[in-house]
Amino acid sequence: MAPTLDQLRTLEAIDRLGSFAAAGKELHRTTSAVSYAVQKLEESLGLPLFDRSGHRARLTEAGRLMTDAGRRVLAEARSLEDLARQLRGEWEPELRIVVDGIFPLRPVLRAARSLTEARAPTRVQLRVEFLGGVRERFENAPADLMLTLEFAGDPDHEARALDPIEMILVTRPEHPLQALARVDRADLTAHVELTVRDSSRRRPPRGPLDMGSTQRFRLSDFHSKREALVEGVGYGWMPEHLVADDLRAGRLRELPLIEGSRHVFTPHLVHRRSAPLGPAGRLFVRNQLALGTHLPTCASGRPNAP
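Every position in the sequence shown, counted from 1, becomes a number in the working numbering once 117 is added.
Watch out, some of these pointers could steer you wrong.
Across the chosen pairs, the derived CB separations fall in these ranges [claimed, not checked]:
| no. | residue 1 | residue 2 | range |
| --- | --- | --- | --- |
| 1 | 332 | 182 | 36 to 42 Å |
| 2 | 362 | 157 | 55 to 61 Å |
| 3 | 329 | 178 | 33 to 39 Å |
| 4 | 168 | 407 | 19 to 25 Å |
| 5 | 334 | 377 | 19 to 25 Å |
| 6 | 407 | 272 | 37 to 43 Å |
| 7 | 210 | 335 | 36 to 42 Å |
Honestly, the hints are just simulated from the structure, not real lab data. Each residue gets a CB set at the ideal place from its N, CA and C atoms; glycine is no exception.
Assemble the whole structure, with the sequences as input and the hints as a guide.
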């Protein structure tokens with residue numbers, strides 16, 4: 118018997134969230150109901166999908182192949198549902214957006230607010246991930262839209278560039294590195310590098326801002342990283358929009374790195390060509406493109422309040 122879409126959603130949720138209990142919570146089911154659904158799927162396929170010999174159930178090789186194939190089936194089913202709704206001229210029931218945590222959220226939320234103002238019945242799900250975790254959630258969850266720092270481009274996706282985001286390498290003014298007239302990578306290795314963890318479940322490759330320090334202090338987001346920088350825990354890269362006030366007030370100072378203490382990303386707003394956006398998605402995109410990654414400023418130079 119062929120697996121049902123419900124069974125494939127259950128399998129995908131277990132793999133993505135890491136446990137039967139977490140999958141049950143997302144699917145609004147008990148853990149025992151999730152376990153029973155997996156058991157019935159295994160019986161119908163005649164294959165063990167999970168290895169239950171250890172402390173925690175893990176996908177077998179057959180389970181991994183079924184899960185990957187199931188994601189493709191679920192994506193195709195969602196595309197068909199979206200197409201049918203578009204042909205009927207209906208609002209989509211849900212709009213799933215994943216955003217890199219480096220972005221200022223106010224422009225994103227303003228774009229989302231346009232759906233409220235339009236009285237759209239669409240449920241909006243906004244998830245914040247970091248670095249490789251953005252693309253991973255976009256592909257595996259899947260999400261309808263992603264705002265990502267870097268996108269190489271491919272024929273399967275439509276990508277629109279947003280305003281650049283500038284990163285600055287900073288420390289507290291009293292940090293020992295600030296006593297140097299010029300700083301190179303060898304100087305950095307003797308000090309603690311503050312980083313934000315990549316939320317991807319895969320091992321991420323080294324990025325352009327990895328300074329190679331042997332001492333790392335990993336934080337969960339850029340707001341906590343800013344606090345650690347202000348407290349003098351170490352050095353690190355920060356988006357300009359989060360530290361502009363600190364630099365003006367002297368709480369943080371740019372490092373004189375020889376190879377350059379600033380790096381510019383060109384972020385993109387991306388969606389699949391195979392799953393055309395519905396009215397809510399198109400409205401969000403129009404407003405996000407209008408706002409970019411920055412809010413309009415008032416005479417003082419500060420962002421206007423929402």
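How the hints compare with the structure:
no., hint, result
1, 332 to 182: 36 to 42 Å, "holds (41 Å)"
2, 362 to 157: 55 to 61 Å, "holds (57 Å)"
3, 329 to 178: 33 to 39 Å, "holds (36 Å)"
4, 168 to 407: 19 to 25 Å, "violated (50 Å)"
5, 334 to 377: 19 to 25 Å, "holds (23 Å)"
6, 407 to 272: 37 to 43 Å, "violated (26 Å)"
7, 210 to 335: 36 to 42 Å, "holds (37 Å)"
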